[in-house]
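So the protein lines, in turn, are chains W and P. For the first sequence, numbering that gives the first Met the number 0 assigns the number 0 to the initial residue and increments by one for each residue that follows. For the second sequence, numbering that gives the first Met the number 0 assigns the number 0 to the initial residue and increments by one for each residue that follows.
Treat the hints as calculated values from the structure; they're not laboratory data. Beta carbons are placed, not taken as given, at the ideal position from N, Cα and C, and that holds for glycine. Do not take every clue at face value.
Computed Cβ-Cβ distance ranges for the label pairs, DEER-style [as the list claims (entries may be wrong)]: (1) P:T50 with W:E178: 45 to 53 Å; (2) P:D348 with W:T391: 51 to 59 Å; (3) P:P300 with W:I164: 57 to 65 Å.
To give an idea of the interface, some chain W residues facing chain P are shown, with a C-beta separation under 8 Å as derived from the structure [as the list claims (entries may be wrong)]: (4) P8; (5) N19; (6) V344; (7) V366; (8) L407; (9) T413; (10) V520.
Number of protein chains: 2
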Amino acid sequence: MAASTATGPFDQGLERRPANYEPLSPVGFLARAASVFPDRVAVIHGDRRITYREFHTRCRRFAGALRARGIGRGATVSVLAPNIPALLEAHYAVPMAGAVLNALNTRLDAASIAFILEHGESRLLLVDRELAALAADALGRMRNPPAVVDIDDHLALQGERIGSIEYEAFLAAGDPDSEPVPPADEWDAICLNYTSGTTGNPKGVVYHHRGAYLNALGNALAFGLNDRSVYLWTLPMFHCNGWTYTWAVTAAAGIHVCLRRIDPALIFGAIAEHGVTHLCAAPIILTLLIHAPDAAKRRFPQTVDVATGGAAPPSPVIAAMEAMGFRVTHLYGLTESYGPATVCVPHADWAAKPLDDRARLMARQGVAYPTLGGLMVADPESGVAVPGDGATIGEIWLRGNTVMKGYLKNPKATSEALDRGWFRTGDLAVRHPDGYVEIKDRSKDIIISGGENISSLEVEEVLYRHPAVMEAAVVAKPDARWGETPCAFVALKPGASADAAAIVDWCRTHLAHFKTPRHVVFGDLPKTSTGKIQKFVLRERAKAGA
Amino acid sequence: MAASTATGPFDQGLERRPANYEPLSPVGFLARAASVFPDRVAVIHGDRRITYREFHTRCRRFAGALRARGIGRGATVSVLAPNIPALLEAHYAVPMAGAVLNALNTRLDAASIAFILEHGESRLLLVDRELAALAADALGRMRNPPAVVDIDDHLALQGERIGSIEYEAFLAAGDPDSEPVPPADEWDAICLNYTSGTTGNPKGVVYHHRGAYLNALGNALAFGLNDRSVYLWTLPMFHCNGWTYTWAVTAAAGIHVCLRRIDPALIFGAIAEHGVTHLCAAPIILTLLIHAPDAAKRRFPQTVDVATGGAAPPSPVIAAMEAMGFRVTHLYGLTESYGPATVCVPHADWAAKPLDDRARLMARQGVAYPTLGGLMVADPESGVAVPGDGATIGEIWLRGNTVMKGYLKNPKATSEALDRGWFRTGDLAVRHPDGYVEIKDRSKDIIISGGENISSLEVEEVLYRHPAVMEAAVVAKPDARWGETPCAFVALKPGASADAAAIVDWCRTHLAHFKTPRHVVFGDLPKTSTGKIQKFVLRERAKAGA
Numbered sequence: 000m001a002a003s004t005a006t007g008p009f010d011q012g013l014e015r016r017p018a019n020y021e022p023l024s025p026v027g028f029l030a031r032a033a034s035v036f037p038d039r040v041a042v043i044h045g046d047r048r049i050t051y052r053e054f055h056t057r058c059r060r061f062a063g064a065l066r067a068r069g070i071g072r073g074a075t076v077s078v079l080a081p082n083i084p085a086l087l088e089a090h091y092a093v094p095m096a097g098a099v100l101n102a103l104n105t106r107l108d109a110a111s112i113a114f115i116l117e118h119g120e121s122r123l124l125l126v127d128r129e130l131a132a133l134a135a136d137a138l139g140r141m142r143n144p145p146a147v148v149d150i151d152d153h154l155a156l157q158g159e160r161i162g163s164i165e166y167e168a169f170l171a172a173g174d175p176d177s178e179p180v181p182p183a184d185e186w187d188a189i190c191l192n193y194t195s196g197t198t199g200n201p202k203g204v205v206y207h208h209r210g211a212y213l214n215a216l217g218n219a220l221a222f223g224l225n226d227r228s229v230y231l232w233t234l235p236m237f238h239c240n241g242w243t244y245t246w247a248v249t250a251a252a253g254i255h256v257c258l259r260r261i262d263p264a265l266i267f268g269a270i271a272e273h274g275v276t277h278l279c280a281a282p283i284i285l286t287l288l289i290h291a292p293d294a295a296k297r298r299f300p301q302t303v304d305v306a307t308g309g310a311a312p313p314s315p316v317i318a319a320m321e322a323m324g325f326r327v328t329h330l331y332g333l334t335e336s337y338g339p340a341t342v343c344v345p346h347a348d349w350a351a352k353p354l355d356d357r358a359r360l361m362a363r364q365g366v367a368y369p370t371l372g373g374l375m376v377a378d379p380e381s382g383v384a385v386p387g388d389g390a391t392i393g394e395i396w397l398r399g400n401t402v403m404k405g406y407l408k409n410p411k412a413t414s415e416a417l418d419r420g421w422f423r424t425g426d427l428a429v430r431h432p433d434g435y436v437e438i439k440d441r442s443k444d445i446i447i448s449g450g451e452n453i454s455s456l457e458v459e460e461v462l463y464r465h466p467a468v469m470e471a472a473v474v475a476k477p478d479a480r481w482g483e484t485p486c487a488f489v490a491l492k493p494g495a496s497a498d499a500a501a502i503v504d505w506c507r508t509h510l511a512h513f514k515t516p517r518h519v520v521f522g523d524l525p526k527t528s529t530g531k532i533q534k535f536v537l538r539e540r541a542k543a544g545a
Numbered sequence: 000m001a002a003s004t005a006t007g008p009f010d011q012g013l014e015r016r017p018a019n020y021e022p023l024s025p026v027g028f029l030a031r032a033a034s035v036f037p038d039r040v041a042v043i044h045g046d047r048r049i050t051y052r053e054f055h056t057r058c059r060r061f062a063g064a065l066r067a068r069g070i071g072r073g074a075t076v077s078v079l080a081p082n083i084p085a086l087l088e089a090h091y092a093v094p095m096a097g098a099v100l101n102a103l104n105t106r107l108d109a110a111s112i113a114f115i116l117e118h119g120e121s122r123l124l125l126v127d128r129e130l131a132a133l134a135a136d137a138l139g140r141m142r143n144p145p146a147v148v149d150i151d152d153h154l155a156l157q158g159e160r161i162g163s164i165e166y167e168a169f170l171a172a173g174d175p176d177s178e179p180v181p182p183a184d185e186w187d188a189i190c191l192n193y194t195s196g197t198t199g200n201p202k203g204v205v206y207h208h209r210g211a212y213l214n215a216l217g218n219a220l221a222f223g224l225n226d227r228s229v230y231l232w233t234l235p236m237f238h239c240n241g242w243t244y245t246w247a248v249t250a251a252a253g254i255h256v257c258l259r260r261i262d263p264a265l266i267f268g269a270i271a272e273h274g275v276t277h278l279c280a281a282p283i284i285l286t287l288l289i290h291a292p293d294a295a296k297r298r299f300p301q302t303v304d305v306a307t308g309g310a311a312p313p314s315p316v317i318a319a320m321e322a323m324g325f326r327v328t329h330l331y332g333l334t335e336s337y338g339p340a341t342v343c344v345p346h347a348d349w350a351a352k353p354l355d356d357r358a359r360l361m362a363r364q365g366v367a368y369p370t371l372g373g374l375m376v377a378d379p380e381s382g383v384a385v386p387g388d389g390a391t392i393g394e395i396w397l398r399g400n401t402v403m404k405g406y407l408k409n410p411k412a413t414s415e416a417l418d419r420g421w422f423r424t425g426d427l428a429v430r431h432p433d434g435y436v437e438i439k440d441r442s443k444d445i446i447i448s449g450g451e452n453i454s455s456l457e458v459e460e461v462l463y464r465h466p467a468v469m470e471a472a473v474v475a476k477p478d479a480r481w482g483e484t485p486c487a488f489v490a491l492k493p494g495a496s497a498d499a500a501a502i503v504d505w506c507r508t509h510l511a512h513f514k515t516p517r518h519v520v521f522g523d524l525p526k527t528s529t530g531k532i533q534k535f536v537l538r539e540r541a542k543a544g545a
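Chain W with its partners taken away, still in its complex shape (with noise of 0.2 Å):
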């Protein structure tokens, strides 16, 4: 009735022109901020700083260095690279150019490097030195590998160079007066991000202009960001681009200190001597900086504010953080979402309840980030939201335009995640009578150590292939350290032997290691009556002390 589509004066001589229409893209947050703060810093990076008129026009060589490559709309560009100002420039020149960025994770294996330079058909890698040696070892792999430029970062401590020209000398060669393209259409493409998926190879993750954008104001509310915020890089930029937060803090024309490496007391220090405001970590960060000798830590005088995420942060945690001078907000989101989706926003009366109260209330996941189009948790049947009851289990649905566009030459994929209007996580939830969702379990079988996805599966499927190994699983086991790490349950095969030392040897040969199991425990393993493993018997088991 209301939604009639019979023209009238709204409809007519009123269409969109270049005055009063274009594409939502972030890249445009940096000429904005350039113009308002130009001598102002932009980037702390050890002793260096950019200015944001510095900021610009780095990026715009960059991108016109790229373009000289005919590197532009829908080419892949990666970057393998820590937390340092190539990479956080790549946010801005990658998509000025056109082009769509591949930030990688710096974790992974060569092999796994490969297969995503592969899949994603990357045309240039950018590699900081110190991570060349596992580059070479990706592209000898490769049928046809990408051009490299070479990162010589200054506070890089070892490797050496690859590629055939250094990013110094590939930006002064970029015209500083190339003006950027704006996207076509603010649904193309900006990043391609793979997350380790719990089946087979790594999904290919597609974010568009738009919803970056939007994420990234979405973050600059939900987080305070503003003109005189200090962001410190603890968080990766190579996960769901920072969160967004790449964008955001220049949105907000704040300052980003880069951090190439996790030490206490380069953190510390950084809060200290740069007034840090902000910043983003998994608990395991948070856990380090409360565990960190006396002689890292550092006293600040401004509160700053934590965004975590990942997992919830346990009371302990929470307390102790705030014992420091920190006040951390829970933040949770999928690659899928880019990053952040919903946000534990603090009611005003939380703050006088005791400590582990509070800490129950901020475990949870929360409430829609103001850009998120729907949270709902459903009954996965019938798609229908389950009661507000704190104790119904239903999956965790996200919609609205900080969803992927999809996933990267897997229509079947993509098809099955972008299910019935919904975005479907895999997370098991509840919602509260407060409306708040509080995530109860993992559909799926991932391990998140050190912040880092492990998926069960790419675990079991290396242990498979051990000779004397018949049956695998693989479950996390809580660990006071890294959240999580990956447990090995294995049954050999009669007459076979190996011992926990070969199995653990065999994995570190195949597999990255952080995602190698630290436990493994050998005997026969719990199956369904469909003979399915029983995994959440070998979770218990896991968490016993297995």
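With the hints as your guide, set chain P onto chain W.
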């Protein structure tokens, strides 16, 4: 080169779906705030409190009642009311029904209102009891008057009902469970706002959902709104939908404090009693607060952020406001740009400057809003940006997603305004070396004397700094020898005295001789319904010998 349109893997199987695309609309901010803070106060109106849950339910009822009358997509609903809950609710309920909100300027005469209702093809008029006589007069002039809903606000002092149903009864009949109709397209019209054009009939400026959403987020960022913000409605909601703060405050889940009338005692009272943190107001309101009787003034512990626009705040106004506990921010925009399009972002080093220097910096219109696409001071002939030398005058041009769809049923005016990819504001300005834009005059307000351009604003600024002057306006007076000369109209502060010679002497001391007014006229200044000084009236007077 870069903008190749060849399709690659990023263009295949990654199309828009209901899961990852929805039209942007500010209406969704209300559902989100209601889900996060259902029991929190959303609206304060006298002794009345409306929680976010109630606010949401009331708007759904309102939308349901509209739909039950067959009012849906593309239909216009007009409201003639001061800043009361019904007008705020209309900002959500009308677009929830798919319809277009037309908030009427309450200071217009009956003929203008009749013109607008007719031109906008209004289907329904909601009218506050205090304005019923004006509405009845307007409706009596129409051939096909819209149906009327009376708003019998409990704080209204006078007036009779003229419609067949009262607002609360109208709401009560609406279905609270009716699902909002999202716009079919974010380009769909959401509001219709008539400008008080200086020549001929007012023009109907059409806003769309996309622009309203984005400008609201821009406000929240530029003004630092969050869920602890308490916003006082001093700015009329009929002014560009309250500069889109009607949606921005809800986006931040802040509190709306309604205000029926501009009365310093009510304003100071609300600030002190409700902990107001933000308000918007034209400089004339600031002057009113400063010169309020001591009995009306109140002390308050918080600093209140005040965004002002329409004219630059003079330095004595800034100083007096700061002394009372306010912090002034200067915005600039037009009805055509959803209200604020630029903001004079303060730099850290301004705080230490002498007041006059700081005021001169703050008097500038500033830099682009975070959500504005482009801002240029252009040579109107060539369309090229003038040099940023602080001296070369050009016209302010704006572009982007927060520029109107166009003027309703006026393709010619639309094409003239949205010319060559930009919206031409008609405001003459310079760009300073720091990139900040400063208005020198409306194109029609420039005085040309002996071939020299005189900015009437510059002369007015000097007049405002004179201790006896409360308000001042300068216009061109025809002159046989010089072509034109500046003629000053001055209203003195209550109890203050100054003669023409003293005023002229003051100007000679602070201005080039040729800019000094030759004539000074004392008395109250004529104003438009929106509080703007009517320079065309003064021009007539100056011409007639004033």
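Now the hints, each set against the structure:
1. P:T50 with W:E178: 45 to 53 Å: 50 Å, holds
2. P:D348 with W:T391: 51 to 59 Å: Check passed, 57 Å falls within 51 to 59 Å.
3. P:P300 with W:I164: 57 to 65 Å: At roughly 60 Å between Cβ atoms, I164 of chain W and P300 of chain P fall inside 57 to 65 Å, so the hint holds.
4. P8: Holds. Min distance 5 Å.
5. N19: 4 Å, holds
6. V344: Nearest chain P Cβ about 5 Å off; hint holds.
7. V366: 5 Å, holds
8. L407: 6 Å, holds
9. T413: Given a least distance of 6 Å, the restraint on T413 of chain W holds.
10. V520: Violated, because the Cβ-Cβ distance from V520 of chain W to chain P comes to roughly 40 Å (cut-off 8 Å).
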